[in-house]
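Quick note: the sequence shown uses my numbering, first residue 2, plus one each step.
Bear in mind the hints are in silico, worked out from the structure with no lab data behind them.
Computed from a prediction, not measured in an experiment: that's the story for all the values here.
One thing to keep in mind: the hints can contain errors.
[As the list claims (entries may be wrong)] Mimicking BS3-like on lysine-lysine, the simulated pairs with C-alpha atoms at most 30 Å apart in a straight line are:
| # | residue 1 | residue 2 |
| --- | --- | --- |
| 1 | K68 | K269 |
| 2 | K168 | K10 |
| 3 | K223 | K269 |
| 4 | K191 | K168 |
| 5 | K168 | K68 |
| 6 | K10 | K223 |
| 7 | K269 | K10 |
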Amino acid sequence: MPSHPSPPKGRLLLIGGHEQREAAGQPGAGPDMSADFILQRFVDELPANGTILVIPTASEEPAEAAKDYVDLFNTLGVAHVEVLHLQSREQANGPEALDLFNRADGVLFTGGDQLRLTALLGGTAALARLGQRYLHEPIIIAGTSAGAAAMSTPMIYQGRNDAGFLKDEIHVTTGLQLLRDVAVDTHFIKRGRIVRMAQIIATNPGCIGLGLEEDTAVLVTKGRELEVLGNGIVVLLDGHDYTENTIYDIEPGEVFSIRDLRLHLLAKGQRFTLPGWGF
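The task is simple: from the sequences and hints, build the whole structure.
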């Protein structure tokens with residue numbers, strides 16, 4: 002997807018996974034949940050009578066994942082919720098997928114395996130159409146867990162939670178490229194993923210590392226303006242000004258060092274501007 006001289010008109014909602022699924026007043030919801038209910042914000046960003054497209058392709062149980070979100074959005078007052086489970090690239094290049102991407106006011110990518118999602122959707126007519134709409138129309142595109150990780154380039158697709166301090170333990174590839182020069186990782190605090198993010202920054206120092214804790218999100222507007230939502234914390238890791246980095250001098254399997262990374266910890270209501278346009 003080529004760069005564009007003006008900022009995107011669309012918005013991205015990147016969620017760190019395990020987001021609150023009950024609206025205020027619903028069974029299981031606490032009395033103060035509504036203020037931090039990320040998916041309510043997603044719905045609020047839609048136009049009146051808007052349509053949501055749920056894409057459960059990343060999930061190992063796509064039908065169940067889709068039903069959970071359809072039921073939730075119906076509960077939140079969204080009458081028009083469509084589901085597209087992509088099972089082949091032929092399907093992603095077909096007329097039904099294009100029609101659904103054309104009509105959706107909001108798109109949600111569920112969690113699961115981000116590599117499955119990008120392998121089926123990357124480079125297809127459906128993704129090209131979604132990218133054009135993101136650039137030129139006020140669509141909102143959300144992803145949770147793997148669905149959030151898939152939106153960025155570079156995209157993390159392999160690496161144990163406790164891995165990262167040995168060279169080549171972490172693997173990245175091209176994501177959906179809706180957010181460029183940003184590496185998104187999810188379940189960030191819960192699963193102790195800061196070291197693996199540091200290796201990604203060591204090998205890609207022009208990128209910003211965006212670590213999203215569970216039930217926490219960032220809303221991205223104009224391609225680079227971040228607003229933190231939810232109940233947890235967002236970790237931003239910046240290696241633009243590092244002073245020492247051994248990743249290129251050591252052998253695979255050896256421990257790397259990097260100095261003078263810049264770290265930001267942001268809670269709900271905080272804002273941050275990514276360097277460059279970020280798309």
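Right, here's what the structure says about each hint:
1. K68 <-> K269: Holds, because 29 Å separates the two Cα atoms, which is no more than 30 Å.
2. K168 <-> K10: 39 Å, violated
3. K223 <-> K269: 19 Å, holds
4. K191 <-> K168: The given pair, whose Cα atoms are some 23 Å apart, holds under the 30 Å limit.
5. K168 <-> K68: With a Cα-Cα distance of about 41 Å, the restraint between K168 and K68 is violated, given a limit of 30 Å.
6. K10 <-> K223: 6 Å, holds
7. K269 <-> K10: 23 Å, holds
Violated hints, in rising order: 2, 5; the structure is consistent with all others.
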